[in-house]
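J.: Next come the chains, spelled out residue by residue.
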Amino acid sequence: MGEYTIAKVDEINEGERITVQIEGREITLFKIDGEFHAYTNWCAHQSGPICEGTLTGTRKAEVDQESGTIETEWCREGKILSCPWHGWEYDVVTGECLSQNGVKLPSHPVEIKDGNIVVSL
Amino acid sequence: MSQQKRFPSTLEEHMVVDTDVHLRISLEQIAPYLDQPHKRKAEHGVKPSDAWDRYKSGRIERRGYFDTAEAVREDLCDGLSVDHPILNPSLAFLPRIPQQDYAIALMQAYNDYLMEVLDEDDDFYGLIHLAMKDPELAVEEIERLGDESQIVGVYIVSMGSEVPLGDPRYDMVYEAADKHNLTMTYHPHAGVTKVDFPKQNYGFNEYVSINTLGFMWGQMQTIVSLLEQGVPVKYPDLNFAFLEGGPGWVPGLMFRLNKKYAARRDEMPALEKPPEEYMREFHYASQPLGEPVNHENMSYLLDALDAPNTLMFASDYPHWDFDNPSNLFKYLNSKYSTEEREQILSGNAIEAYNLNI
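Heads up: the sequence lines are chains A and B, in that order.
All you need for this note's numbering is the position in the first sequence, starting with 1, plus 42.
All you need for this note's numbering is the position in the second sequence, starting with 1, plus 1.
Source of the hints: derived by calculation from the structure; they are not laboratory data.
Treat the hints with care, as some may be off.
Unchecked claim - Coverage of chain B stretches by chain A, computed from C-beta distances (three or more under 8 Å per stretch; other residues unrestricted): (1) 15 to 29; (2) 59 to 65.
Unchecked claim - Below, a list of computed lysine-lysine pairs in the PhoX-like style, where the Cα atoms sit at most 20 Å apart: (3) A:Lys-102 - B:Lys-40; (4) B:Lys-57 - A:Lys-121; (5) A:Lys-102 - A:Lys-155; (6) B:Lys-260 - B:Lys-274.
On a predicted model such as this, the values are computed, not experimentally measured, just so you know.
Just so it is clear, CB atoms sit at the ideal spot from N, CA and C, and this is done for glycine as well.
Build the full structure now, drawing on both the sequences and the hints.
T.: Structure follows, in structure tokens:
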């Protein structure tokens, strides 16, 4: 356990990611809306390489029980990570799984120190 | 696929027979195995399609063609710790091809391709695909390839046939498979059925719906038809295997059929024992293993199924909904003895397909 320098701040552009091996685990660092997010590359479903998945939007539904209607719209463009194996969706900002209540990707604190991106495990 | 192995290392201590592995072969690759006029059709990719977005427009990885012995060895055997894959040259759209002679030519070409892949690796086994539009031609295909040493069964798409597959018009196929010691293997699909039978898949707006239902529906329909027509009674030495339906619906069908049979025995007069007892002699591939919110419910289901005697491991590789072995393994480790695990990972498949291992 410790702090690991992954890259320099200006080495990762908006919307990009980098995967590194730390302590025998694959850790992926994403840059989304100027913020860095680090997750273990292991899907909660069947251990697939979630962090290698596409970043797209997804469909959400608003249910109006009074009128008995459902409206759907495309949302979170570029922020929904889909596991390449079976399509499980995670919000890359919060790590939350969209289909399973209470399930999140293991995330790791990220700090910027002297122009370096530092991840704590 | 990511380099890091994504299954328990203890799996490597067990022999694993994978009963549902699809060779995905492009039509362009198949063209050299065809004569004209069909060669041209294959070169130009002539095949039915159904416009369902199986891979969610790239959000689920499409693994590309899976069409060489080398790919099977590396991705499946080394990557997922499978010792003996049972390969099928899957041609999901075969029942939808309107031209009879093109369907037959493709069936033969895909089977010829399979034979070449099998030649390259003695650990591989294969199922020959049968087009059931004309049962006589299916029998000819069994006669042609049924005695090849690595061919252990026949592969039939259990959707889109003219009538359910227990119908007496198919008896000659069962007889030929019996004669050549081949296991009847049924594999359903979603979205590839004919327009007029069965209609149940039509009218849904999302692929999740027809995928959920179609695979169960195809297998349930086939089993009920086999029992209605007494096929396992007519051919008591024939083995029957059901792929890609998962195991969830099996106990429910057993118990419901028992009840209905008891009340209407004269409508299934050939049976000599309750339907459940025939179904317990069939084998069922594990994929896709359902995912209950409460894992204990899977344990009860496996008990009702008598999994150590009926369940066979299957990955369905390389399809989008394949099962990583770890999915089944977590139940096997917590629930079963070493011997029972071995049965599910390899023993039941060895028995179902008379494998020489």
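J.: In terms of beta carbon proximity below 8 Å, does the segment 59 to 65 of chain B have 3 or more residues touching chain A?
T.: That given contact holds, which follows from 4 residues of the segment 59 to 65 of chain B lying within Cβ reach (below 8 Å) of chain A.
J.: Does the alpha-carbon distance linking Lys-57 of chain B and Lys-121 of chain A stay inside the 20 Å limit?
T.: 16 Å, holds
J.: Check whether the Cα positions of Lys-102 of chain A and Lys-155 of chain A lie no farther apart than 20 Å.
T.: Violated, because 37 Å separates the two Cα atoms, which is more than 20 Å.
J.: Are there three or more residues in the segment 15 to 29 of chain B whose C-beta lies within less than 8 Å of some C-beta in chain A?
T.: violated (count 0)
J.: Lys-102 of chain A and Lys-40 of chain B: Cα distance at most 20 Å?
T.: 46 Å, violated
J.: Please work out if Lys-260 of chain B and Lys-274 of chain B have their alpha carbons no farther apart than 20 Å.
T.: 13 Å, holds
The structure is inconsistent with the numbered hints 1, 3, 5, although it conforms to all the rest.
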